[in-house]
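J.: Sequence:
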Amino acid sequence: MRVFVTGASGFVGSAIVRELSENGHEVVGLVRSEKSAELLPATGATPLRGDVNDPEILRQGVADADAVIHTAFNHDFSQFKANCEADRKVIQTLGNALAGSGKPLVVTSGIGLLRYDRPVTEDDAVNADANEIPRAATEEAARAVAATGVDVYIVRLPPSVHGAGDHGFVPILIDMAKQKGESAYIGEGDNAWPAVHRLDAAVLYRLIVEKRPELKVFHAVAEKGIPFRDIANAIGAVLNLPVVSKTSDEAAVHFSWFAHFAAMGCETSGEKTRAALGWDTHAPGLLDDIADAGYLTAS
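In numbering that gives the first Met the number 0, the protein residues as written are 0 to 298.
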């Protein structure tokens with residue numbers, strides 16, 4: 000199978016590229032920089048250099064592909080809403096290019112978009128629109144494309160997708176702890192973050208394009224919910240720093256722009272995902288990575 004992957008040099012995308020290549024698939028990876036284009040062949044992929052926001056480049060990537068996996072996203076939170084609307088346009092372009100082909104499109108979303116007072120499941124929809132939660136634009140676009148007849152799958156990633164090279168939420172927390180001289184959580188710290196190792200997540204993407212199951216929404220969850228307090232304790236242990244509870248007002252100062260994410264709780268089920276694909280997880284858990292992997296300590 001020939002698979003077109005956007006964000007092929009990214010943290011998740013690069014793991015997907017390698018997973019596909021190692022399982023006999025031909026991969027064309029969209030990358031922005033010359034450096035990434037030079038490095039990509041080592042993962043077994045053919046680079047297509049260009050900007051994900053360029054419709055012509057996207058159409059070029061789709062043209063000869065048997066499946067498309069979209070992982071590219073600009074995580075610059077200073078222009079977050081604009082980036083989410085750009086993602087909407089990318090998904091629309093990919094969908095238009097795939098219309099009538101019968102080929103699958105796998106779109107990447109986030110579990111943190113779902114606001115429920117119970118563990119969320121694959122059947123749950125994002126219960127807010129892009130005006131309230133900008134990142135909802137991704138799933139709005141995916142549903143709109145699916146309504147035109149394109150075979151669309153959504154993979155929801157948890158707040159922590161971890162592993163060597165992680166530059167996401169947990170390294171941000173580690174940097175904050177270093178700067179403040181303490182590792183913190185809010186209140187009792189019972190708000191739970193699901194997590195997955197990027198290598199396990201990559202297997203999930205591969206299984207979707209191989210098996211084309213009836214299920215259309217997947218939760219890439221290895222651990223359904225780790226109390227934020229436990230994450231703070233693991234960071235404190237690694238850095239040999241005190242671990243403290245913060246009130247909401249204190250958290251706003253300690254975490255700054257990240258306070259919303261530090262307070263987020265989204266315990267998540269992935270039972271239907273596992274049943275539909277036979278997906279299992281084997282890589283280390285988040286707390287083990289924080290304690291033993293070493294890469295987070297050096298962030």
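Don't read these hints as lab results, they were simulated from the structure.
Small disclaimer: the values here were computed from a predicted structure and weren't measured.
Hints are supplied without guarantee of correctness; some may be wrong.
30 Å max Cα-Cα, derived DSS-like pairs, lysine-lysine [what the hints assert, rightly or not]:
1. K179 with K102
2. K80 with K210
3. K88 with K102
4. K215 with K88
5. K245 with K102
6. K210 with K245
7. K223 with K177
8. K210 with K102
Simulated restraints on C-beta separations [to be verified]:
9. E139 with R58: 19 to 27 Å
10. F260 with P212: 24 to 32 Å
11. K88 with M0: 23 to 31 Å
Glycine included, every Cβ here is placed at the ideal spot set by N, Cα and C.
J.: Give a verdict on every hint.
T.: For each hint, the structure was consulted:
1. The hinted pair formed by K179 and K102 fails the criterion: a straight-line CA distance of about 50 Å is larger than 30 Å.
2. As the CA atoms of K80 and K210 are separated by approximately 34 Å, the hinted pair breaks the 30 Å bound.
3. Using a Cα cut-off of 30 Å, the hinted pair K88 and K102 holds, with the two alpha carbons roughly 19 Å apart.
4. Proximity of K215 to K88 is assessed by CA-CA distance (about 21 Å); at most 30 Å being required, the pair is judged to hold.
5. Our distance criterion of 30 Å between C-alpha atoms is broken by K245 and K102, whose separation comes to about 49 Å.
6. For the hint pairing K210 with K245, the CA-to-CA distance comes to about 46 Å; that exceeds 30 Å, so the pair is violated.
7. Note on K223 and K177: the hinted pairing holds, with a Cα-Cα distance of about 28 Å set against a maximum of 30 Å.
8. The suggested pairing of K210 with K102 holds, with an alpha-carbon distance near 12 Å, which does not exceed 30 Å.
9. A C-beta distance of roughly 22 Å is found between E139 and R58, which places it inside the suggested range of 19 to 27 Å.
10. Taking 24 to 32 Å as the suggested C-beta distance range, the pair F260 and P212 conforms, at roughly 31 Å.
11. Distance hint for K88 and M0: a CB-CB separation of about 27 Å, consistent with the stated range 23 to 31 Å.
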